[in-house]
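Working from the sequences, and respecting the hints, build out all of it.
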Amino acid sequence: MGDAESVGLLEKKYSRRSFIKGVIAVGATASSTGYLLGGAQALGAQMPGATERLITLNINGQDRRVDVLPHETLAMTLRYRLNMTGTKFGCDRAECGACTVLVDGVNHYGCSMLTHQVRGRAVTTIEGLENPDTGELSIVQQAVLEQGGFQCAFCAPGFIMSMEAMIRVNPNPTREEAAHALSGNLCRCADYDKILTCAMRAAELARSV
Amino acid sequence: MAIIRDMIPAFELFQPNTVDDALALLDEHRGEAWVLAGGLDSYDWFKDRIKRPAVVVDLGGIEELHGITEEQGGLTIGAMTSLTEVVNHARVQSDYSLLATAAEHVATPQIRNQGTLGGNIAQDTRCWYYRSGWPCYRAGGNTCYAAAPKAMNREHAIMGASRCVAVSPSDTAPALVALDAKMTVRGGGSPKDHDAEDFFIGPAIDITRMTVVKPGDLLTAIHIPAVWANAQFYYEKVRDRGSWDFQLVSVAAAFQVSGGTITDARISVGGVAPYPVRLERVERLVTGTTGGESVANEAGELSVQGARVLRHNDYKIPMMRNLVRRAVRSVA
Amino acid sequence: MAEKLIGTDIAPPDLIAKITGRARYSEDFRPDNMVFAKLLLSPMPHCRVRGVDATRALAMEGVIGILRAEEVPSREGPREACLTDEPHYEGEPVLAIAAITEEIAADAIEAIDVDFEPLPFVLDPLDSLRPGGPTAYTDGNRFARAPDAEQGDGPVWSDFKWTEADFAEIDAGRMPSDAVAISNWDKGDVDAAFAEADLILEEEIVHQSVTHHPMEPRTNMAYWENGKLFAHVSTQSAQRTKAAVAGAVGIDQEDVVLIAPYCGGGFGSKIAGTTPMQIPAIFSRKINRPVMLRITRYEENYVGRARPGFQAWVKMGFRSDGKCIGIDLFIVEEGGAYGSGDNGTAGAIADLIYTPENMRFRAVSMYTNTPPKAAQRGPGGAQIVSMLEPILAKAGRELEVDALQMRLINAPDPDVAFGPRGSTLTSVHAKEALEQGAELFDWAGKQALSGRREGTKVTGIGVALSPYTAGSRGFDGLMVIRPDGKLYVHQGIGNLGTHSISDTARPAAEILGLNWDQVEIVWGDSSRGMPRSSVQAGSQTMHAHTRANHAAATDAARKIRQIAAQSLGGSPGDYVLDNGRVFRRGGGAGMSFAQVAERAIQMGGEYDGHELPDDIHRETVPAATMLAGEGLMGVAKDNYGGRGGVYTFVAGFAQVELDVETGVVDIKEFVGVTDCGTVVHPRSLGAQLFGGCIQGMGMAMTQKWVYDPKYGVAFANRLYTARPPGFLDIPLNMKWAAVGIADPQTPVGAKGIGEPPVGAGAAALTTAIADAMGTCLCRTPLTPDIILSELEGRDPAFGRLDQHVG
Amino acid sequence: MDLWRRALDPWGQDVLIGVSWDLMWAAIIVAAAFLIGHAVWIKTRPSEAHEATEVPAGIPERIQRHSLASRVFHWTMSASMLVLLVTAFVPVLGLQFAWVEIHWIAGVVLTATIIYHIIHSIGWQDFWSMFQIGFSEGVAHLKHIMSPKAPAPKAGKYPFDHRMFHHANVVVGLGVIATGVLMMVRIDTPFWTPNPYMLADSTWGVVYVIHGLCGVSLILLTASHIYFALRPEKMWITWSMIRGWVDRDHYLAHHDPAKWVVTNGAAPPSVTEGTPRAAETAEAEGASPEARSASE
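Protein chains in written order, with the working numbering: chain A, 1222 to 1430; chain B, 25 to 356; chain C, 109 to 914; chain D, -11 to 284.
Hints were generated in silico from the structure; no laboratory data involved.
Think of the CB as a built atom: it goes at the ideal place given N, C-alpha and C, for glycine as much as any other residue.
Treat the hints with caution; some may be incorrect.
Here are the simulated DSS-like cross-link-like pairs (lysine-lysine), alpha carbons at most 27 Å apart as the crow flies [claimed, not checked]:
{"hint": "1", "chain 1": "C", "residue 1": "Lys539", "chain 2": "C", "residue 2": "Lys818"}
{"hint": "2", "chain 1": "C", "residue 1": "Lys112", "chain 2": "C", "residue 2": "Lys843"}
{"hint": "3", "chain 1": "C", "residue 1": "Lys336", "chain 2": "C", "residue 2": "Lys269"}
{"hint": "4", "chain 1": "C", "residue 1": "Lys843", "chain 2": "C", "residue 2": "Lys554"}
{"hint": "5", "chain 1": "C", "residue 1": "Lys818", "chain 2": "B", "residue 2": "Lys75"}
{"hint": "6", "chain 1": "B", "residue 1": "Lys174", "chain 2": "C", "residue 2": "Lys818"}
{"hint": "7", "chain 1": "D", "residue 1": "Lys31", "chain 2": "D", "residue 2": "Lys137"}
{"hint": "8", "chain 1": "D", "residue 1": "Lys31", "chain 2": "D", "residue 2": "Lys222"}
{"hint": "9", "chain 1": "C", "residue 1": "Lys269", "chain 2": "B", "residue 2": "Lys174"}
Just a few of them, taken from the derived set where beta-carbon distance is under 8 Å, the chain A residues facing chain B [said to hold, decoys possible]:
{"hint": "10", "residue": "Ala1315"}
{"hint": "11", "residue": "Gly1318"}
{"hint": "12", "residue": "Thr1321"}
{"hint": "13", "residue": "Tyr1330"}
{"hint": "14", "residue": "Asn1352"}
Right, dumping it as structure tokens:
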């Protein structure tokens, strides 16, 4: 099943990476069992012609076979089926942007699209930004690291995905354009000024590559 | 039955590839099917567990509903074309910048990337009494809670209301009315084109729908005629926040100007009525003039004649008046 | 020389985890067998549960159990329990259901029939004060000891009402001067001051209540293992939250393992954890499975907290030179379901920023049937500063004194004594902050812009001063130098995004002569040892824990020197510490910290923590004991002492452009300058300063709190209706600076920064808007409709004192 | 088929909001079935030959049955009722138009006509000619329906079936008007600010149910009324509502001159319309109309 696969993959990925200062010992073991969806109603017989549940998703460059319920949103699948918890639920209503992911390079609210709608499309999440071989941070991540971006950082994964989308479309933004490009993400710590500086730096780094 | 929110009730998903298949599905599951475009309105309903369709028909896979084509000198925009595509389309930008500007004022980049033009104009109202699942007229009940003496109706209608005082939330709708767009609706019979201003219906006609699209029908395309290409446009939207906010009042105007004289005009206002309001009397007033301050003032005053305010929305009168005034002033 | 750490930009140690998605917040943990809990919320603002029929729900496949109000701790009186059978606000949790998937839990909630008996409710505190008006509780609206109470008598319910005559005054637009207040104090002779004043301004004030809405809702997860409770809590604090969890569940602190490595914001709403954190803790004990309580944004709107709104009347008297000489302030506070007391701070801060000599303060806080109120970043201060500063500017216009001059002449000096008890402060450099800000903002140049109209846009400029508490004393520091040669600083403080988990450790590294890469921060997991710490609230952490870590590092340094002297000869005073080594001054023998740590373990006693100082807090002892023998231990209580309160000041300057045809305000520029003592982490300080200011601007301009008066239910219960400010609501041109004068009463010199900026942002904005309008609206939020109605001379679409209309 | 429409009120509590529109369909189907059934049934009945009666003296050729005022009232009321029914039910049937304003204005007209009618009938008309019970007349009427051989009873001014129809209309009409006036409080009219909170939600539910039930009943009543008005054998009555008079033949064939006393020449309206006293006396004496006819 997709779950087991994902856990294995994540662990392998982690072990390869240089670990951060001040590692946290976590009290709970990661598990693939808990997930959010699936009521008696949802598990009933399927109507003829309805979309097949077992689908292939392309996430961070990897094809994954996943059993997805019809009413499952992409953020739910990522967090609760594939255990990719970098994508956050801030509102689950397409209002805050904490769940932002890229679909074919374009930023979308993961909470507000059905997983079945991304079949055959390339999904990129915060977990997929680092170079899979070297563990090197993406340009945006480097810029954020350099500028010391974010405070509580619950919004960070979403903002970073929107910055990734922005530099693809507009690698040479003004501060005002960057603010517009990021206006679909909220930061309640209101670290907007620094986030904007990160975005401008990311664009600058992207141009120099 | 206790109320719980934020968990989509189970449904069966269909992802047809053609409009015919979609229509057949809607027919087959009449009464229990829901049409999903970008979904940004739909998911709210689902997550609130107020609308609970057994079947959802996702139009995302229907190629013929996507894209912008040139037709009869104008543009035909597939209903499932994303707002971002509309904003970025070269011809829309060059000839119909009014629409590009309006579409750019919708919510946020992520929503514009996913939300569709068809979905934007066909979306349901944001009256919070209605969206909270109250049994109001629009929900099939007997009451407009928003029109009650002390109700919270700052966002509600000052004209065109009939029992229900909710407003049309669409940002692109006023622009499309100003551009004299035609909406193509397909249902059981042959496709039918509706003028934009007739496409949106008020509660006097049908209190449960905001457009002529009936259950089982599909809005398939929006055609923008050549006649208003490269007209002089004015768009402005006043909202509380710079992003993710609906209009308090917006104005979309198109003027044909020849030698400084307005030869034709179409002006539409959003956020003041259950539908985008076309200001035909104002259009007649300004046509033949050169615009300017005094005509603009007259136009503004004329536009709000007959407005009826609720407890908390009196400000919409000066706001609408001033926006119309500005639109006319912009010609000079 | 080891690097200088204080005053430099160093990325916090958790930043990579945060930007790669590896940082795990409460909702990101998945223990085996985890089940999901869902809450049944009260649909009514006040009701009683007459009966619950959960038969259908419990029969559903996958449903594990139900948790009812009688199974959770509760107390008499207006005190919150995590579940209740008499909800006092719409959205208050009544019961919880656990199921193997969240969807089943949701379906099960829907299958429960609850018989609710609606009870009278009140949303507006003034309605509760009106004769015959409703009360938030069945038994009254005030819970206090009776005036004639005997010793030992507890509080009792009463119905606190004003008179018809008081309301006649209110309806006439005047302060109800004869109305009975619940709290009051005064100083000087305010009536005499008014008699003497050259200008008296009287205003009505309405400050809305406003929800905190941190990005991370208060999701919690808990499970029990070997008699210990493992609590994953979204919380601002850590060690103190552990204590709170233990207290709430009724177990020993040492039986709680708190895991809270990250917190997605709190702003005062998650200080020592949250009320809902009790639910998974108690529920998981009942059903013996890990329970995840995922709080949704909708639920957060209710069980999250809110800043209490004010309806107030103020009278201010000024001398012709602009000096405020008298203030009469009467505040009615919207206390919510469980009460609040922002008004006291508001009164004291009014006294502090206007130094009037004569002041009368009165206030009433009323229970209302709205979500519970709590401290929100600058509680009391932010409200009153944003409401009074425009009045100061208005007085300046009438007296023809420049607004900056008005601000300076009324600003406190270092010897200020304010509030009911004449409190003094450790350091005050408010005037320096104002002067520095004026320069950065180019106040002199911008004066010409004030009131300038271009087309339909009018420019307004504003200046404001906002103080708030920023420190506390007497907590413990705990750190260990391990045989790997690194310093492990054990932080009992929470990680809510202020970077204080690492920034407060910097003095320790400097004292010990370490480079930053020789320091490891241990935080977020109480099983790894947490000393007694402050709560992460009141902006106190930076001050309190630079002190505590300073003390513990000093202790460690002393021990290192002693070990060096013992091992290498000479006296401890001969030794210096640098770059992870201790060596004899002027060259000569030395030891690495790794060797020192080994030696400390051999020596035992106080060196490795087997003997602890007597004065450390009892809650530090288990942590230190657990770490004993791991290396050289630095452990100490902050005994530096000090006199007076610790306050930080922020001077805010804003330039706005107001469109007189639409009422839309565009904030063009903002400058904030703070007097917060020594700057430890400039970039983080700037971010905190801007963040607080923007939160204040949001509160003053975009955010909303709206209730339907008939049914008493919330409408601004989504982010798009609650409207926290986004990227397009803020000035893109923002500058900040710090006065940078060290506080003399703390060894590091640093004061906190969290709260003071909120009032500065809000008030700079409200004064700038007032400047552009040429009048002042002492009301939030200042949305386009309100501004436009005022500009057009139309009747406001709400009663002057209406609360909850957004 | 649902009878009621229920919903969750703003506090999530189950509340009645009105009758189910299924009832409208039921009424339409029942009305149609009754009309078709009646038409068929009439066809199968042998035609009734009225025996020629001797013309008593003093009976004019034309007998005033409805004054001009009565006729104007009747047709105004009919028009408003038709408008009300169309605006109420046609949109539900699927043809959408802006009906609310027309509906409430027609409702106001109906209410005004009914108030006029009540005052007029009490003060100036033979009130009891409508409100006599006439139990034996009812029995005779029923017998006549069962068997064509049984003679149709001769009535006073208003035959038994007319009276029954009127009574049904009184109940249903007053119900619909009373609830309709209340409901106007909730919509935007020039009279007052809409206020949905005048009554409790549950009370409003009852109001809507009564309005709905009465409205649906009016489909039945109105359909049958129009049907009978258009039937050839009843056309003389319809003409009387247009022209105001009936001819002597119809008068003598269907009415009992003793109960509907007409005098020759220009009688004062009160007399022409029948006197309360006459009707009262007839009822009080307990004499059946038949008995009286026979005795004369």
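Review point. Which hints from the list above does the structure break, by number from lowest to highest?
Key: As far as the earlier hints go, 1, 3, 14 are violated by this structure, in ascending order.
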